Amino acid sequence: MEKIKTIIIEDEAPARELLRHMLKDRDDITIISECADGFCGLKEIKENKPDLIFLDIQMPKISGFELIEVLDERPEVIFTTAFDQYAIKAFELNAIDYLLKPFSKNRLDEALNKALDRISRKEPKANPIDALIAHRPEEEGPVTRIVIRKGSGIKIIPLANISYIGAEDDYVMIYYNEGKALKQQTMKYYEDNLPSSTFLRVHRSYIVNLEKITRLEPYSKDNYVAVLISGEKIPVSRTGYKTLREKLNF
Amino acid sequence: MRHPILSKRSRITIWWLAWAVLAVGQSLLFYFIYDIPLVLALADGFISMILFGILGLLVWFPLASLKSRDKFDLVTTANFIIIGGFIVYVWITGTRFIAGALFTERVGYTGLWNNTITYRIAAGVLLYGVIILTYYLILSAVRLAEKASRQAQLEAMVKESELKLLRTQLNPHFLFNSLNSISSLTVSDPPKAREMIVKLSEFMRYSLSGKNEQPVSLKQELENARLYLDIEKIRFREKLVYSEEIMESCMNALLPSMLLQPLFENATKHGVYESTGQIIIKTSAVYDSGNIVLSVFNTMDNGVIPAKKGTGTGLTNVAKRMELFYGNEAYLKVRRTEESFTVILNFPFKQEDNN
Chain Z
0 MEKIKTIIIE
10 DEAPARELLR
20 HMLKDRDDIT
30 IISECADGFC
40 GLKEIKENKP
50 DLIFLDIQMP
60 KISGFELIEV
70 LDERPEVIFT
80 TAFDQYAIKA
90 FELNAIDYLL
100 KPFSKNRLDE
110 ALNKALDRIS
120 RKEPKANPID
130 ALIAHRPEEE
140 GPVTRIVIRK
150 GSGIKIIPLA
160 NISYIGAEDD
170 YVMIYYNEGK
180 ALKQQTMKYY
190 EDNLPSSTFL
200 RVHRSYIVNL
210 EKITRLEPYS
220 KDNYVAVLIS
230 GEKIPVSRTG
240 YKTLREKLNF
Chain S
0 MRHPILSKRS
10 RITIWWLAWA
20 VLAVGQSLLF
30 YFIYDIPLVL
40 ALADGFISMI
50 LFGILGLLVW
60 FPLASLKSRD
70 KFDLVTTANF
80 IIIGGFIVYV
90 WITGTRFIAG
100 ALFTERVGYT
110 GLWNNTITYR
120 IAAGVLLYGV
130 IILTYYLILS
140 AVRLAEKASR
150 QAQLEAMVKE
160 SELKLLRTQL
170 NPHFLFNSLN
180 SISSLTVSDP
190 PKAREMIVKL
200 SEFMRYSLSG
210 KNEQPVSLKQ
220 ELENARLYLD
230 IEKIRFREKL
240 VYSEEIMESC
250 MNALLPSMLL
260 QPLFENATKH
270 GVYESTGQII
280 IKTSAVYDSG
290 NIVLSVFNTM
300 DNGVIPAKKG
310 TGTGLTNVAK
320 RMELFYGNEA
330 YLKVRRTEES
340 FTVILNFPFK
350 QEDNN
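These protein sequence lines are chains Z and S, in that order. According to numbering that gives the first Met the number 0, the first sequence is numbered sequentially starting from 0. According to numbering that gives the first Met the number 0, the second sequence is numbered sequentially starting from 0.
Do not rely on the hints blindly, as some may be mistaken.
[To be verified] Derived lysine-lysine pairs resembling PhoX-like cross-links, with alpha carbons at most 25 Å apart:
hint, chain 1, residue 1, chain 2, residue 2
1, Z, 23, Z, 154
2, Z, 48, Z, 113
3, S, 268, S, 332
4, S, 191, Z, 23
5, S, 268, Z, 154
6, Z, 45, Z, 121
7, Z, 182, Z, 154
8, Z, 113, Z, 45
9, S, 191, Z, 104
[As the list claims (entries may be wrong)] To give an idea of the chain Z side of the interface with chain S (calculated C-beta under 10 Å), a few residues:
hint, residue
10, 20
11, 101
12, 105
13, 106
These aren't lab readings, by the way, just hints derived from the structure by calculation. As the structure is a prediction and not an experimental result, all values here were calculated from the model. C-beta atoms are modelled at their ideal positions from N, C-alpha and C, and glycine is treated no differently.
Next comes chain Z alone, as it looks inside the complex (with noise of 0.2 Å):
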């Protein structure tokens, strides 16, 4: 039998050294990298194709959620980490598995066989993962800034550069002071985790960042458009015209 590909994505050395260490009498399993951050784990990914992750959910720059959320061909995944409220959510969403630091030799094969069966089996492994995303477990307040993918890397976007975000059907396309990049989310994910205070869902399918709003004009009857500092006009339905108006204060 092949042996299968494994990766290690964990910030600290000591939890990557315990990790392996679990890992030696398990002659299925074939450790071939690994990172002590994100991107590196990006670019591993991406050169190395493993069959399975392990990664490490708060890490410096990126986080674990942030790194699965760029990924084409994700891997199985096994979260781990050491302390998260939310952990019972990820299980109930169906994550491969969740492993909570420290844990032992039994609940670390668990997770393995778990992960073994679902490889031998070929399953599409996409939903559970998106699943979890679209709850991003680790965060309790709002979204500080925006990951996406550029070229074979990916590109961190603090929220004062994004104008506005638009709905692309099962997607969102933010749009930023560089471009524009297409992400895996939902708009009423954007809607409920971006700050109140500066971005607005002024419509269907746009949320805009108030600080880019130059002003309104009047587009149709009943209907406006707000025209941004770059010169973009993103349509503003009734609704969002009267919670604009409030939250602009005019």
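Starting from the known structure of chain Z, arrange chain S on it as the hints suggest.
Okay, now just chain S, sitting in the frame of chain Z:
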């Protein structure tokens, strides 16, 4: 304020039942004393009592406006009497008017009326007094219940904040990650693992001993900080570099226990956790004419956008505790650049009495 009777269905029922009882009582009284037909007595009783019942409900509104003054002075008393006089007057003339319109002269109502007018005035005054008393009893019962529920809410809030405090003291992320590192050390370096367990225990003991307002010396606080950073250093190794530059004369300065802990936690959280490169944390303290100027400095990865925005409660709490402990001479300053973050505490030098 809502009407104490009309706001509750059950009270409305009781209200009218009481008036029915009074009406029957008065009717029987007149029936036996004045020997009038029972029907006439009952009609008179119900007319007068229903009328008073209505007036009694209406009188709440002027009373409520008086009550909102919440002072029982001469003016209020005078107002009570005037309202009372008015009510009794309206009641008596009203009853007479309605009864007069209903009964023909031959049933002898005028005779009954003339005989009972004194009684009616006395009864009116008495009933008015009873109504006022009822309103006050209901009101104070309502207020008491409100007060009790507010008290319960307050207690729940206090409990919750205590719990929150405990949770931050325990800092689960730190605890579980440390345990994981120790677990790793048991394989690679068992003596070091034992050392770390001791350090973690000492740190936990110090933070849990927390009568938070108990003063400790700067020396103790720094020892605790070193324990904490040593433990973080096993997790992050050479990524975390810590140094101190403390004037010897500052070491005995008193400060509330665990005052500095949030500063070191912030430095690791925003510095080390968010960086892929090396982060330097440095504590310095100087004595300057009766004051201690203490700063905790950390470098940061340039241009990092934190995954979570800090709530700022950590630093606010530090400032609040300093104010409680030192009064308003103490203050907290923050200096932020692209690549570093410094918190500067300035507080008066207090020392333990030697005796």
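Check your understanding: Would the hint on residue 106/Z stand, with a C-beta cut-off of 10 Å toward chain S?
Key -> violated, 12 Å
**Study point:** Restraint check for residue 268/S with residue 332/S, where alpha carbons must lie at most 25 Å apart
**Key:** The hint holds at about 19 Å.
Point to revise | Pair hint outcome, residue 113/Z versus residue 45/Z [Cα-Cα no greater than 25 Å] | key: Holds. Residue 113/Z to residue 45/Z sits at ~24 Å (cutoff 25 Å).
Review point. Does residue 154/Z lie within 25 Å of residue 268/S when you go C-alpha to C-alpha?
Key: holds, 22 Å
Review point. Measuring from the C-beta of residue 101/Z to each C-beta in chain S, is the shortest one below 10 Å?
Key: holds, 4 Å
Review point. Are the Cα positions of residue 45/Z and residue 121/Z separated by 25 Å at most?
Key: Distance ~19 Å between residue 45/Z and residue 121/Z Cα, so the pair holds.
Check your understanding: Taken at face value, is the distance from the CA of residue 104/Z to the CA of residue 191/S at most 25 Å?
Key -> holds, 22 Å
Practice item. Would you settle whether the hint for residue 20/Z is holds or violated, based on the nearest Cβ-Cβ distance to chain S being less than 10 Å? Key: holds, 5 Å
Point to revise | Evaluation of the interface hint that places residue 105/Z against chain S, nearest CB under 10 Å | key: violated, 14 Å
Review point. Has the given pair, residue 48/Z with residue 113/Z, been kept, meaning a C-alpha gap of at most 25 Å?
Key: OK: residue 48/Z and residue 113/Z at ~19 Å, within 25 Å.
Practice item. Take the C-alpha atoms of residue 182/Z and residue 154/Z, compute the straight-line distance between them, and say whether it is at most 25 Å. Key: Holds, at about 12 Å.
Check your understanding: Has the given pair, residue 191/S with residue 23/Z, been kept, meaning a C-alpha gap of at most 25 Å?
Key -> holds, 22 Å
Checked against the numbered hints listed earlier, the structure breaks hints 1, 12 and 13; every other hint is satisfied.
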